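Number of protein chains: 2
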Amino acid sequence: MRKVAIIGAGMTKFGEEWGRGFRDLIIEAGKASLEDAKLQGEEIEALFVGTMASGSLIGQEHTGALIADFMGLTPIPSTRVEAACASGGVALRQGFMAVASGMHDIVAVGGVEKMTDVDGGNVALALGGAGDQEWELFTGATFPGIYAMMARRHMLEYGTTEEQLASVAVKNHKNASMNKYAQFQNEITIDTVLKSKQVASPLKVFDCSPVTDGAAAVILCPLDKAQKYCEKPVEIIASAQASDTLALHGRRSLSSIYATQVAAKNAYAMAKLQPKDIQVAEVHDCFTIAEIMAIEDLGFFASGKGGKATEEGKTALNSDISINTSGGLKGCGHPVGATGVKQAVEIAWQLRGSAGARQAKDAQIGLTHNVGGSGATAVVHIYKKAF
Amino acid sequence: MRKVAIIGAGMTKFGEEWGRGFRDLIIEAGKASLEDAKLQGEEIEALFVGTMASGSLIGQEHTGALIADFMGLTPIPSTRVEAACASGGVALRQGFMAVASGMHDIVAVGGVEKMTDVDGGNVALALGGAGDQEWELFTGATFPGIYAMMARRHMLEYGTTEEQLASVAVKNHKNASMNKYAQFQNEITIDTVLKSKQVASPLKVFDCSPVTDGAAAVILCPLDKAQKYCEKPVEIIASAQASDTLALHGRRSLSSIYATQVAAKNAYAMAKLQPKDIQVAEVHDCFTIAEIMAIEDLGFFASGKGGKATEEGKTALNSDISINTSGGLKGCGHPVGATGVKQAVEIAWQLRGSAGARQAKDAQIGLTHNVGGSGATAVVHIYKKAF
Numbered sequence: 001m002r003k004v005a006i007i008g009a010g011m012t013k014f015g016e017e018w019g020r021g022f023r024d025l026i027i028e029a030g031k032a033s034l035e036d037a038k039l040q041g042e043e044i045e046a047l048f049v050g051t052m053a054s055g056s057l058i059g060q061e062h063t064g065a066l067i068a069d070f071m072g073l074t075p076i077p078s079t080r081v082e083a084a085c086a087s088g089g090v091a092l093r094q095g096f097m098a099v100a101s102g103m104h105d106i107v108a109v110g111g112v113e114k115m116t117d118v119d120g121g122n123v124a125l126a127l128g129g130a131g132d133q134e135w136e137l138f139t140g141a142t143f144p145g146i147y148a149m150m151a152r153r154h155m156l157e158y159g160t161t162e163e164q165l166a167s168v169a170v171k172n173h174k175n176a177s178m179n180k181y182a183q184f185q186n187e188i189t190i191d192t193v194l195k196s197k198q199v200a201s202p203l204k205v206f207d208c209s210p211v212t213d214g215a216a217a218v219i220l221c222p223l224d225k226a227q228k229y230c231e232k233p234v235e236i237i238a239s240a241q242a243s244d245t246l247a248l249h250g251r252r253s254l255s256s257i258y259a260t261q262v263a264a265k266n267a268y269a270m271a272k273l274q275p276k277d278i279q280v281a282e283v284h285d286c287f288t289i290a291e292i293m294a295i296e297d298l299g300f301f302a303s304g305k306g307g308k309a310t311e312e313g314k315t316a317l318n319s320d321i322s323i324n325t326s327g328g329l330k331g332c333g334h335p336v337g338a339t340g341v342k343q344a345v346e347i348a349w350q351l352r353g354s355a356g357a358r359q360a361k362d363a364q365i366g367l368t369h370n371v372g373g374s375g376a377t378a379v380v381h382i383y384k385k386a387f
Numbered sequence: 001m002r003k004v005a006i007i008g009a010g011m012t013k014f015g016e017e018w019g020r021g022f023r024d025l026i027i028e029a030g031k032a033s034l035e036d037a038k039l040q041g042e043e044i045e046a047l048f049v050g051t052m053a054s055g056s057l058i059g060q061e062h063t064g065a066l067i068a069d070f071m072g073l074t075p076i077p078s079t080r081v082e083a084a085c086a087s088g089g090v091a092l093r094q095g096f097m098a099v100a101s102g103m104h105d106i107v108a109v110g111g112v113e114k115m116t117d118v119d120g121g122n123v124a125l126a127l128g129g130a131g132d133q134e135w136e137l138f139t140g141a142t143f144p145g146i147y148a149m150m151a152r153r154h155m156l157e158y159g160t161t162e163e164q165l166a167s168v169a170v171k172n173h174k175n176a177s178m179n180k181y182a183q184f185q186n187e188i189t190i191d192t193v194l195k196s197k198q199v200a201s202p203l204k205v206f207d208c209s210p211v212t213d214g215a216a217a218v219i220l221c222p223l224d225k226a227q228k229y230c231e232k233p234v235e236i237i238a239s240a241q242a243s244d245t246l247a248l249h250g251r252r253s254l255s256s257i258y259a260t261q262v263a264a265k266n267a268y269a270m271a272k273l274q275p276k277d278i279q280v281a282e283v284h285d286c287f288t289i290a291e292i293m294a295i296e297d298l299g300f301f302a303s304g305k306g307g308k309a310t311e312e313g314k315t316a317l318n319s320d321i322s323i324n325t326s327g328g329l330k331g332c333g334h335p336v337g338a339t340g341v342k343q344a345v346e347i348a349w350q351l352r353g354s355a356g357a358r359q360a361k362d363a364q365i366g367l368t369h370n371v372g373g374s375g376a377t378a379v380v381h382i383y384k385k386a387f
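In order, the protein sequences belong to chains A and B.
Following the numbering used here, the numbering of the first sequence begins with 1 at its first residue and continues without gaps.
Following the numbering used here, the numbering of the second sequence begins with 1 at its first residue and continues without gaps.
Extracted from the complex, chain A is given alone in its bound form:
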């Protein structure tokens, strides 16, 4: 397989973008990534896009062709992939394979979701399709309830506290306050979280990522051609994906995500690296408990130690490991199909040293971790500065 590099990265501001539609968002992100790579567009040979629920949210399927059309990129092959909230990460992996295989040289990967065109009830129904509709959604188990069960189990097994959960949100809001693309650019306190409305005990409003519109895109090419387009290419040194049961009741554990553990193990093996080699990581904090499980499952901290580590500041910017410098899903927002690609954009910026006030010092190796549903899909990519 050929080595693959990111040569362009761009995204929209994440937020409730009432004035803009699905098409506007992905075009803005796509153009930003092309301009970043100093490309006109005609160099792109294939397009992969992650979108989770455009059928339910805006009445539109076939979004691969839609984007090729509205980006003016027809007749290149354009493919939508869907893996719930991991759609963006899986799209990145398809783009990686297309370049690695030799099938295509320059490939664009996008992620996009327009979530605010329908009301909250319909958003919950659409997102519920990420879980097992027959066993979970149709019996009333929506995602806050599902992650609340995981949080309760983590608290029972390891003594994780509500304050430790809250410390994830506080850190991620702080990072987001330094990110002009983030939905929430305000700092919060532990008290903000603890006193916010109950959603599904122990998770409160500020333990949950928001409903968000947004898009992100990266441009990939073979590493040996990357310097032609980009002074600071970032190599993707590992790409791994794993699956698990769709419903929570089939899992071997409720306090960890097995698909993350498998994808991480395979990614570390592919990169010939260990968790301690990672300086900066974007992990899937759809709920605060999800970040705590992620930093344990990815091997950054031992099982059960993630809450305490976060509370002690070990995952803050420029501490032991800089986790979710972008603000994560909690602070930056979570347009479900876009998130996995946005994570790659943030890591590309971090490894290039262009992340401004939220720059992780001397970042050489980065990681992204994107989860679908309650953990039925996990995708892990590892990146290396290649200049």
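Think of the hints as simulated: they come from the structure by calculation, not from any bench.
All the pointers check out, no bait thrown in.
Keeping only pairs whose Cα atoms sit at most 35 Å apart, straight-line, the calculated DSBU-like set for lysine-lysine is:
#  : chain 1 : residue 1 : chain 2 : residue 2
1  : B       : K3        : A       : K272
2  : A       : K225      : B       : K225
3  : A       : K3        : B       : K385
4  : B       : K265      : A       : K38
5  : B       : K384      : B       : K3
6  : B       : K228      : B       : K3
7  : B       : K225      : A       : K272
8  : A       : K225      : A       : K13
9  : A       : K272      : A       : K314
10 : A       : K31       : A       : K3
11 : A       : K228      : B       : K3
12 : A       : K180      : A       : K276
13 : A       : K228      : B       : K265
14 : B       : K228      : B       : K276
Keep in mind it's a predicted model, so treat the numbers as computed, not measured.
Chain B: place on chain A using the hints.
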């Protein structure tokens, strides 16, 4: 890139399967393909599945993970791709790339759609998401209307007749009468078609493919390992995909599908073959006019000559070229996400010589052609007997 072969193929009966759900269908097809390749399941390294509109039709996204789960194949990576009615063909292409790249050895590719769980109006809305919802669906242009416009234009430019359109349906029902997996196993006459109810003039009920439940699957592996699993492997010698505008109003022609022409040209170049080298082809006859355009755009007949050729029997079984031996989408049925994979199953059976009464004599080279929407995606694969 490595050479890739099909070592297993299976499908469910297509039809209105009231007693079976989405999961039952894909499991049956998946098991049939595994048994055909004499595999237990644990040999599978990755899974790709085409599903168009499970979110709208059964309230379920994340179908890649769902299928890995219910097939007992976790924790392997499992990815859903969606390109409207070309979802199956695009899934096959992702599986092809995964093996060709060296990323995976044994890969399963599935396609599935459960369409009869909602009423006809909701099916039309869900399928409308294959076109441009802002410019077409929301103004009332559903798919029969869109293809009717293409039929009218073809009739205007080339003098194609309603009888010629009908002759596509008559041939495909005849082929389907020899296929135990087909939804319609009854022969019809030109009069059956001409006297059936108007849907969108000039298209009548018998010019349209039906609403169908069904699933299909194939197993892929590197060609040099294929003999280990399969006495009669079939090599995939070309895979090409192209895009075009989502809405009809943006196209350069209404009487041909440009994405098919581009994908075909690229596929023939990759296979180093010409249209005359193909003996058997499954083409995308979602409406009778679609088959006429397909056999022209694929280069089997000159532009405007497809209707006459069909009427003269040149596309019948064991004539100039055997088109849609399975019965096509018209006779075999069209579970949208499954169709592209079913086409590959039929060609694998034809090249192995196991198609029974509908066997094309001495078939050495086959082709599949799968279209998304009204032509915004087209996928062409070419296959060669490899034993």
